[in-house]
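Trainee: Those protein sequence lines, which keep their order, are chains W and E. In terms of numbering that gives the first Met the number 0, the first sequence is residues 0 to 95. In terms of numbering that gives the first Met the number 0, the second sequence is residues 0 to 296.
Each hint should be verified, as a subset may be incorrect.
What follows is a set of in silico ranges between Cβ atoms, one per label pair, in the way DEER data are often shown [said to hold, decoys possible]:
no., chain 1, residue 1, chain 2, residue 2, range
1, W, Leu15, E, Ile156, 47 to 57 angstroms
2, E, Val65, W, Arg85, 32 to 42 angstroms
3, W, Gln42, E, Glu291, 40 to 50 angstroms
4, W, Leu4, E, Cys8, 16 to 26 angstroms
5, W, Leu49, E, Gly153, 45 to 55 angstroms
6, W, Leu4, E, Asp284, 45 to 55 angstroms
7, W, Gly65, E, Gly201, 13 to 23 angstroms
8, E, Ile88, W, Val27, 25 to 35 angstroms
9, E, Ala85, W, Gly65, 43 to 53 angstroms
10, W, Pro16, E, Ala85, 20 to 30 angstroms
Calculated directly from the structure, the hints in this document are not laboratory data. A virtual CB, placed ideally from N, CA and C, is assigned to each residue, including glycine.
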Amino acid sequence: MKPYLRDRIPETLAELPDATAYEAGYLVTKNAGWRSSRPVIHQETCRGCLKCYLYCPEGVIFQDGGKVKIDYDFCKGCGICRKICRFGAIEMEEEK
Amino acid sequence: MGINVKTLCKDEFFYGHKACAGCGGSLAVRIALKVLGERSFAVLPAGCMSAVGFNFPQLCFGNNAVISTFAGTASMLTGIEAGLRAQGIRDFQAVGFAGDGGTADIGLQALSGAIDRNDDILYICYDNEAYMNTGIQKSSLTPFGARTTTTPAGKNIRGNLRPKKNMFEIVAAHGIPYAATASIGDLNDFMEKVEKASRIKGTKYIHVIAPCPTGWGIAPDETVEVAKEALDCGLWYLAEYEEGSGMTLNYRPGTFASVEHYLKRQGRFRHLTGDDIDIINHSRDVKWKLIEKNLGE
Ligand SMILES: Cc1ncc(C[n+]2csc(CCOP(=O)(O)OP(=O)(O)O)c2C)c(N)n1
Ligand code: SF4
Ligand code: SF4
Ligand code: SF4
Ligand SMILES: [Mg+2]
Numbered sequence: 000m001k002p003y004l005r006d007r008i009p010e011t012l013a014e015l016p017d018a019t020a021y022e023a024g025y026l027v028t029k030n031a032g033w034r035s036s037r038p039v040i041h042q043e044t045c046r047g048c049l050k051c052y053l054y055c056p057e058g059v060i061f062q063d064g065g066k067v068k069i070d071y072d073f074c075k076g077c078g079i080c081r082k083i084c085r086f087g088a089i090e091m092e093e094e095k
Numbered sequence: 000m001g002i003n004v005k006t007l008c009k010d011e012f013f014y015g016h017k018a019c020a021g022c023g024g025s026l027a028v029r030i031a032l033k034v035l036g037e038r039s040f041a042v043l044p045a046g047c048m049s050a051v052g053f054n055f056p057q058l059c060f061g062n063n064a065v066i067s068t069f070a071g072t073a074s075m076l077t078g079i080e081a082g083l084r085a086q087g088i089r090d091f092q093a094v095g096f097a098g099d100g101g102t103a104d105i106g107l108q109a110l111s112g113a114i115d116r117n118d119d120i121l122y123i124c125y126d127n128e129a130y131m132n133t134g135i136q137k138s139s140l141t142p143f144g145a146r147t148t149t150t151p152a153g154k155n156i157r158g159n160l161r162p163k164k165n166m167f168e169i170v171a172a173h174g175i176p177y178a179a180t181a182s183i184g185d186l187n188d189f190m191e192k193v194e195k196a197s198r199i200k201g202t203k204y205i206h207v208i209a210p211c212p213t214g215w216g217i218a219p220d221e222t223v224e225v226a227k228e229a230l231d232c233g234l235w236y237l238a239e240y241e242e243g244s245g246m247t248l249n250y251r252p253g254t255f256a257s258v259e260h261y262l263k264r265q266g267r268f269r270h271l272t273g274d275d276i277d278i279i280n281h282s283r284d285v286k287w288k289l290i291e292k293n294l295g296e
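Generate coordinates for the entire structure from the input sequences, incorporating the hints supplied.
Mentor: The structure is reproduced here in structure tokens:
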């Protein structure tokens, strides 16, 4: 199961867990704000080799029609994907 | 067999975590869980991976996962495995992810006990070579010369005075069914080892080097290439131990790449002198003699 963003942050006592256990994969905040530059995948150059998908520490690169795309909600802009791509298909762009 | 990027599970089980950008430890945890799948029960002691994965209500594991005491990774794995088995649950993997401090220092006794009982668990040590979560203190897996907050580099003492503990050899010396070293610089090798370990009954141990940009003084986009460079210059090595057949070496560089280049690109080693680097080169050669001896060569 892939953890995903929920629309509710548990707030009231009734919503808080009684014990120390809680639902797996419960996300309430994004990581996009950490990024100072964003990786951009040039779809024409991408060969779909999946190396960037494998080496992304966040797991935010996903397969899409033989190529790859990025979930920018959780990409931190580390740039590992840009360095690992042998085809130069990924460029980092300054976040404004 | 034949696990690779194409056959790897497409689901993500470690997502939205708060590790620093480019964190090698989080990459190791992510990939291991993709290999093991959703029927893994993960145990994480105090350390970066539990700190960044469990910030209620931001819970970043998609599988069952629990925080253990700092020393108790292996004993909690033992309990989880026995508990699930007692409930009649089959086809699962109890897997631990502990740091170098949590493994080679405080958690060593619990790990040794689990290996002695041959409990059916997989223990993965992600080694970032210091106590990172509490602000970069030296562990027994911090290499010689590294600057940490407890081994500062000054005029008289230039960083850590002690060599890195031979943790893989210590585990192998128990006569464990399976042990391996790995690196986030070679994920194909790491995936294969995790997959192989998951098919073996009894205790399994994988020691994966996982550079930490924050503690090593490297840029976030350098973690993977620095991990690779450690292999190429011979300061880390890829090996396996199997009960019965002994040690195998998975990668041997033709000639070693420059140790100095590897060291000097990292903030934690920048203070080292030529003499210090000679010492490190020498200890690398001694270590490789030991590796070859263990191979029976
Ligand atoms: C018994 C005990 N002592 C000390 C601590 C404080 N502590 C929490 S995380 C940590 C560092 C863990 O280092 P390591 O195992 O290498 O993992 P890393 O943080 O580097 O990922 C320490 C000392 C604790 N939680 N419990
Ligand atoms: S590494 Fe490059 S070519 Fe390969 S999938 Fe990623 S962007 Fe495409
Ligand atoms: S920049 Fe880092 S986090 Fe973002 S997609 Fe690339 S590797 Fe993943
Ligand atoms: S301090 Fe190091 S190990 Fe801890 S989350 Fe940051 S990069 Fe990862
Ligand atoms: Mg550590």
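Trainee: Next, verify each hint and record whether it holds.
Mentor: These are the hints, each one checked on the structure:
In this structure, Leu15 of chain W and Ile156 of chain E meet the distance hint of 47 to 57 angstroms, their C-beta atoms being roughly 49 angstroms apart. Against the hinted window of 32 to 42 angstroms, the Cβ-Cβ separation of Val65 of chain E and Arg85 of chain W comes to about 39 angstroms, which satisfies the hint. Checked against the hint of 40 to 50 angstroms, the pair Gln42 of chain W and Glu291 of chain E passes, with Cβ atoms roughly 48 angstroms apart. Evaluation of the 16 to 26 angstroms hint for Leu4 of chain W and Cys8 of chain E yields a pass: the beta carbon distance comes to about 21 angstroms.
Between Leu49 of chain W and Gly153 of chain E the CB atoms are about 46 angstroms apart, so this pair conforms to the stated range of 45 to 55 angstroms. The beta-carbon spacing between Leu4 of chain W and Asp284 of chain E, approximately 52 angstroms, falls within the hinted interval of 45 to 55 angstroms. At roughly 41 angstroms, the beta carbons of Gly65 of chain W and Gly201 of chain E sit outside the given window of 13 to 23 angstroms. Between Ile88 of chain E and Val27 of chain W the CB atoms are about 30 angstroms apart, so this pair conforms to the stated range of 25 to 35 angstroms.
Between Ala85 of chain E and Gly65 of chain W the beta carbons are some 46 angstroms apart, a value that agrees with the proposed interval 43 to 53 angstroms. Distance hint for Pro16 of chain W and Ala85 of chain E: a CB-CB separation of about 25 angstroms, consistent with the stated range 20 to 30 angstroms.
Of the numbered hints given earlier, the model fails hint 7 alone.
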